[in-house]
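*Asks:* Given next are the chains, with one letter for each unit.
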Amino acid sequence: MDADELTIRIAGEAGQGMQTIGTALSAILKKGGYYLFTNKDYMSRIRGGNNFMQMRISCRPVDALRGRCDLMMALNRESINIHKGSLDKKGYIIADKGKFGIKEDTHNIIDVPLHKLALKTGGDEIYVNSVACGFIASLLHIDFSIIDATLTQIFAKKGKEVIENNRKAAASGYEYDDLHREKPSYKIRPSDLPEHLLIDGNQAIALGAIAAGCKFYTAYPMTPSTSILNTVAHHADRFNIVVEQAEDEIAAINMAVGASFAGVRAMTGTSGGGLALMGEGVSLAGMTETGVVIADSQRPGPATGLPTRTEQGDLNFAIHLGHGDFVKAVYSPGTIEEAFYLTIKAFTIAERYQIPVIILTDQHLADSVYNVKCFDLSKVLNKRFLISKKDAECTKNYMRYALTENGISPKAVPSWIKDVIYADSDEHTEEGHITESSRVRVSMMRKRYCKRLDLLRNEITAPAADNVEDADVVCLGFGSTRNVIKEACAVLKAEGNKIGAVHLPQVWPFPARQLQNLFNGKKRIITIENNAGAQLAGLLRRETGFAAESSILSYDGRPFSVDSLMDSIKERI
Amino acid sequence: MDAHRFRSSDPIAWCPGCGNFGLLKAVQKALEKLDISSNKILLVSGIGQAAKLPHYVIANCFNGLHGRALPVAAAAKMVNKELTVLVTTGDGDCYGEGGNHFVHNIRRNVDITVIVHNNQIYGLTKGQASPTSDPGVVTKVQTHGVILERFNPLELAVSLGAGFVARGFVSKNDHLTDLIVEGVKHNGFSLIDVLQPCVSFNRKNTYKWYSERVYDISEDDSYDPCDKIAAYVKLEEWEDKIPIGIIYKKDKASYHEKSGLDKRIAPVEEEIDAIDIKSVLQDYLV
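For the record, the sequence lines run as chains A and B.
In terms of the numbering used here, the first sequence has 193 at position 193, counting the first letter as 1, and numbering is strictly consecutive.
The number in the numbering used here is simply the position in the second sequence, starting from 1, with 1000 added.
For reference, chain A alone in the conformation it holds in the complex:
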């Protein structure tokens, strides 16, 4: 692209503190007036191996990653070899040559004695992270006062001495200039930015759940969904949310259904393998007409797959999950904002239509952070769709599955109404008792499935379209490819191509009508997806008849970069 941005990759072993540097540097850079996009790449282990955090810094909003980095900070020797292939031709590696025992003169390694400086200022190697922050910030000419203030805030709870050591360590990195060469300088224009949220996709989902009034969250820890559980747990006391770790995923979905039956908004989160275990439970939610929200944070499968990496391989699985015919909705947020707002919508839809709702996200969105305006909470109303405590007092002759005009039976909370409530996983009568009558069966299927599907088809979150009107070629994606597709297409359009992009924030019920209007039968469609099975292309064909001309597929466990995606699109147009 251009010199208005810079990509830094910080790499090292698990446990070396990439996370800490990343958090500190993100805050420092944001306060310094920059837009940034960070993503995490990590292995399925606690110590050792090689992980990295990549940070794209710009004077303009950025929300997708670049394929190459301009600057690489190697926290251990191995990182140099592992990542040098991703370094731009004119890029630099920051490394502690003395500590790593590198004697050769390498033109693109900037030797910074992080360990010596850490020991000198803080007396402990742990301060390497702050030295690194200080050095990197100095290359961008960020005022030291910002670094000072940020570190003070981050280490506030650890006491004066720790704050001071970090400050001194950062200062030593900031001032270090004994490079025997010209110190690289990156002059990216800062802006006067308002406060922004720096949260990742999973935090956004968790905060959405809390904002939506979720009062029961249960899960079995599974990467990359666990941070949703952690975030809800962190705030649970404050909002009187019961957070209970389940003994397995089958318990999780059944507990969520039980809590919802008992009257609260309930949710669980997992990844593909756990979702597989929840199949019958999701079917239970459908049959008993119990609203429940399930987050599936996808990772590459099948089976255990690549536990810490990203994929969009559960599309077909999620939309068809659960045996038998019943209605569900599946949302596929592609931005941090969508992760928040669609989670809130999920709870509204789940409660209003008494169905299971899946939020399909993935490791890429789960672990991505970029500047986001604070959420507009005036949009969060949390209207309830059940018989209120007040109305419960005069509710008589209650039947849980009463046949109504639109097929939705008013939901009562047990113990609020005087009558009792019968709910059943068997086919049941209006009263909720077991039946095998063919007549009742048909009326219940029409109520619970046929009518409800029609209702849900009128509640579809519209696809987001960019430059589709004048486009010849349209790139279609869902979920976390939103931002990278948008950017790639915008650049290609600026280069003169007649290209547009469409993103699906909801994949089920499928927005067939909306896409039929958008594509008009006249566009060349290319699907872009992180799976091997071109699942979106298949879904598009089945639901609309449109055949995608081709699909750009990536299934190496890594997200698309803007650069590689642009190359792939160019090959096809």
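Since the hints were derived computationally from the structure, they do not count as laboratory data.
Incorrect hints may appear among the rest.
Counterexamples of contact, computed for chain A against chain B with all Cβ distances above 12 Å [what the hints assert, rightly or not]: (1) Gly48; (2) Glu78; (3) Glu104; (4) Lys168; (5) Ala392; (6) Thr461; (7) Asn517.
Dumping the calculated BS3-like pairs for lysine-lysine here, alpha-carbon to alpha-carbon at most 27 Å [claimed, not checked]: (8) B:Lys1278 <-> A:Lys31; (9) B:Lys1278 <-> A:Lys379; (10) A:Lys389 <-> B:Lys1040; (11) A:Lys383 <-> B:Lys1040.
Output of the computed footprint for chain B on chain A, the stretches with three or more beta carbons under 8 Å from beta carbons of chain B [claimed, not checked]: (12) 257 to 265; (13) 370 to 384.
Using N, Cα and C, we set each Cβ at its ideal position, and we do this for glycine too.
Fit chain B to the known structure of chain A by using the hints.
*Replies:* Below, chain B alone, put in the same frame as chain A:
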């Protein structure tokens, strides 16, 4: 005593002579004795003949998936503590399909009363062995007789720290009624394993077989139900004599007490239209 108040109009789908009739009667009598309003009671079941019981009682009912009554019951109680929650389940439902939930819900100690219709066979699916089947019992699947060890649910429950462990027999109906009353009154996970003959598929463990063996443990003055080791010894008794009654009892803090849910308003009572998420977002603003 009028247990009619709890008898629903749903026609009963059990075989004539089924042990479940006695269990149903005991449940209804117990609810009458406890004098709880029917809309405050929640009966949760899984799948099996046993699981149909809630339909025959006037109380809230969630008849869920096979093996999955316990998660539903525990979660419902967690968020809506006003409900008195009972689970009516079977030996296959609770100890087979639902085994993992059995183990971990004892550990949770949520205040629920679990009544297991233990007929030592799978009835609704027509006669396969269950975890509690006696070794040697021949079925269409276990054609040479069961070779697995008999599952001992009460001993397992004691070892997991359950605070109320009891065994009943449907023919000793008043005794069973009182066990249910005591189980509901116990604050925490209560397990009542009920010997309940399956007249259609279990040819060995019949009314006669049980009647010849059961004896009321409380008739033994020297037995102390607070003595864990004594409970283990008692629970090894099976082939020749079978103790019924409260085998082990220990008061311990319930899930609600340990989590503070007993002191807070129930989550179900919370209004959600004015959630102050703004102050939380402050933490993430830079």
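*Asks:* Hint compliance check: list the failing hint numbers for this structure, sorted ascending.
*Replies:* 5
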